[in-house]
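A.B. asks: Generate the whole structure from the sequences, applying the supplied hints.
Keeping their order, the protein sequence lines are chains A and B.
Residues 1 to 310 (this note's numbering) are what the first sequence spells out, left to right.
Residues 1 to 259 (this note's numbering) are what the second sequence spells out, left to right.
Hints listed in this document are in silico derivations from the structure and should not be mistaken for laboratory results.
There may be inaccurate statements among the hints.
As the list claims (entries may be wrong) - Covered stretches of chain A, as calculated for chain B (at least 3 residues, CB under 8 Å):
id: 1; segment: 46-56
id: 2; segment: 68-78
id: 3; segment: 88-102
What the hints assert, rightly or not - Far from chain B, by Cβ distances over 12 Å, these chain A residues were calculated:
id: 4; residue: Lys21
id: 5; residue: Asn24
id: 6; residue: Ala124
id: 7; residue: Glu178
id: 8; residue: Glu230
id: 9; residue: Ala241
id: 10; residue: Leu243
id: 11; residue: Ala282
id: 12; residue: Gly283
id: 13; residue: Lys292
id: 14; residue: Pro294
C-beta: ideal position from N, C-alpha, C; glycine also.
Chain by chain, the residues run as shown.
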Amino acid sequence: MATTIEVRGLRKSFGAVEVLKGVNLEVERGGIFALLGSNGAGKTTTVKILATLLRADGGTAAVNGFDVAKDPAGVRRSISLTGQFAAVDEILTGRENLVMIARLRHLGNPRRVADDLLNRFGLADAADRRVSAYSGGMRRRLDIAMSLPGNPAVLFLDEPTTGLDPRARIEVWKTVKELAGNGTTVFLTTQYLEEAERLAGRIAILRGGRIVARGTPEELKARLPHGRVELRFARAEELRAALGALGGGYPAKPDEAALSVAVDTDGSAGQFADVLNRMEGAGVPVAGFSRKLPTLEDVFLAVTGKKEEA
Amino acid sequence: MKSRFFSDLGVMFGRSMRHVFRSMDTVITVTLMPIAMMLLFVYVFGGAIQTGAAGYVNYLLPGILLIAIASGVSYAAFRLFADVQGGIFERFRSLPIARSAVLWGHVLTSLVSNAISVAVILLVALPMGFRSSAGILPWLAAAGILALFTLALTWVAVIPGLTARTVDGANAFSYPLIFLPLVSSAFVPTRTMPGPVRAFAEHQPATAIVDAVRVLLAGRPVGSDIWAALAWCAGILLAAYLFAMRAYRRRASGAAARA
Numbered sequence: 001m002a003t004t005i006e007v008r009g010l011r012k013s014f015g016a017v018e019v020l021k022g023v024n025l026e027v028e029r030g031g032i033f034a035l036l037g038s039n040g041a042g043k044t045t046t047v048k049i050l051a052t053l054l055r056a057d058g059g060t061a062a063v064n065g066f067d068v069a070k071d072p073a074g075v076r077r078s079i080s081l082t083g084q085f086a087a088v089d090e091i092l093t094g095r096e097n098l099v100m101i102a103r104l105r106h107l108g109n110p111r112r113v114a115d116d117l118l119n120r121f122g123l124a125d126a127a128d129r130r131v132s133a134y135s136g137g138m139r140r141r142l143d144i145a146m147s148l149p150g151n152p153a154v155l156f157l158d159e160p161t162t163g164l165d166p167r168a169r170i171e172v173w174k175t176v177k178e179l180a181g182n183g184t185t186v187f188l189t190t191q192y193l194e195e196a197e198r199l200a201g202r203i204a205i206l207r208g209g210r211i212v213a214r215g216t217p218e219e220l221k222a223r224l225p226h227g228r229v230e231l232r233f234a235r236a237e238e239l240r241a242a243l244g245a246l247g248g249g250y251p252a253k254p255d256e257a258a259l260s261v262a263v264d265t266d267g268s269a270g271q272f273a274d275v276l277n278r279m280e281g282a283g284v285p286v287a288g289f290s291r292k293l294p295t296l297e298d299v300f301l302a303v304t305g306k307k308e309e310a
Numbered sequence: 001m002k003s004r005f006f007s008d009l010g011v012m013f014g015r016s017m018r019h020v021f022r023s024m025d026t027v028i029t030v031t032l033m034p035i036a037m038m039l040l041f042v043y044v045f046g047g048a049i050q051t052g053a054a055g056y057v058n059y060l061l062p063g064i065l066l067i068a069i070a071s072g073v074s075y076a077a078f079r080l081f082a083d084v085q086g087g088i089f090e091r092f093r094s095l096p097i098a099r100s101a102v103l104w105g106h107v108l109t110s111l112v113s114n115a116i117s118v119a120v121i122l123l124v125a126l127p128m129g130f131r132s133s134a135g136i137l138p139w140l141a142a143a144g145i146l147a148l149f150t151l152a153l154t155w156v157a158v159i160p161g162l163t164a165r166t167v168d169g170a171n172a173f174s175y176p177l178i179f180l181p182l183v184s185s186a187f188v189p190t191r192t193m194p195g196p197v198r199a200f201a202e203h204q205p206a207t208a209i210v211d212a213v214r215v216l217l218a219g220r221p222v223g224s225d226i227w228a229a230l231a232w233c234a235g236i237l238l239a240a241y242l243f244a245m246r247a248y249r250r251r252a253s254g255a256a257a258r259a
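C.D. replies: Spelled out as structure tokens, the structure:
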């Protein structure tokens, strides 16, 4: 498959703070690529360099065959950027925002482009209202719609769902999936593991200014404790009895204060049943149990074998 | 590339003018404050100020126009600041457009909206007794000087618009600009001022510009005033433009702001 984005040894510092310490990335044409990382990992800085808004201190980056430093105009013709905070014009209406972008992209029929996008993004009813009256989800949809006039080859979405309520988040996920279905390359950043898993075909994890892991969601998942079960008890002696009943069969991490223990299984129903049967067999009353989804910290732990620095 | 600049500029200008007309309160503030000052000076203080034969409103008007422009350009800073903070400035910069069109759109809007304020103030001055015996050329020359003054101050306004961290910071620069005409020949002749104040008043831009506009509108022959006025405007414009471009480039290299 052809490579759309190629990043080699990218470095960037702000004053004494080194944010990117040599990032290497390759993004294939088409589909969704997720750059996953916690706050301050350097995701936004990477996107800004790729979108020609920031100059790198070192390394090279090419988008759609254009070098970001040598041919920024070529890059800008190939991309569009939806930044971390909805960059819409609040004083204009939704339609005026889209017409403005279509004009700036020198498209033939700006009003029709705007109407199409308003329909596609469910904003037709609100088209002639000022954006200041839009909800957070509508604003984000308009924000993404504003990236589409002219059908750029690469779409950068910087934390598209940060700050959205769960319903609006699902709306945005749906939108992003549809976009990628049309052959556009979507480069999205997120701090949510779940979002990256649900949307992306390829994921790279950025941490401390470097890429620490990359692969398909399945490849990364295989390295994660997806079979973690939490058992809760009413009393401390029950918790101790439970640890005894588990024996050395499963890796277990007790939490004395919360009267709970996290047990790592392989995620199969058989092992899950076995854990509960051991409790029954030893006569330990289980007050509650639940499956624990892996967190971003678990990912870091799994890929680096280290706790994330605070 | 040239045609692209003008079409992009047209889009940016249209957008920014919509902002002006959709926040009429700002337009009204910009026009009302100088009109209130004009009324105050003409009808309250004016009787006690000796400026010569022609009516005091004729004497006062150029200074009032300068104050209107100085407060008007602060809205250019405000609008630019709002774009930078809201993120739409970055969206524009990531588009394949003539990059300078983004700033020039704001500058052009400032020129037009200030021209509207000036026209409104002139209309209000007429029933107050403002008369001009000047012909079309001196009027055009006066308009040209005021436009150049607006252009220069707008580029001054671009600097805090790009670099300020708070709204107050984006606006604060205009206070000394509004104050400057008060310590000039705008309201009273400088010869009535004590030595050091007079020296300052006679060697600052507001006096040169006020005097030039006043002489032009009175239909009197222009002397060196007009050259001093032009020199001040051109000097401020050049310096402000260079600093504004530097602020713009600093934004691009990430030295100014990380967020």
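A.B. asks: If a hint holds in the structure, say so; if it does not, say that too.
C.D. replies: Hints and how they fare:
| no. | hint | verdict |
| --- | --- | --- |
| 1 | 46-56 | holds (count 6) |
| 2 | 68-78 | holds (count 3) |
| 3 | 88-102 | holds (count 8) |
| 4 | Lys21 | holds, 16 Å |
| 5 | Asn24 | holds, 21 Å |
| 6 | Ala124 | holds, 21 Å |
| 7 | Glu178 | holds, 21 Å |
| 8 | Glu230 | holds, 37 Å |
| 9 | Ala241 | holds, 52 Å |
| 10 | Leu243 | holds, 47 Å |
| 11 | Ala282 | holds, 55 Å |
| 12 | Gly283 | holds, 58 Å |
| 13 | Lys292 | holds, 34 Å |
| 14 | Pro294 | holds, 30 Å |
Violated hints for the displayed structure: none, as all numbered hints are satisfied.
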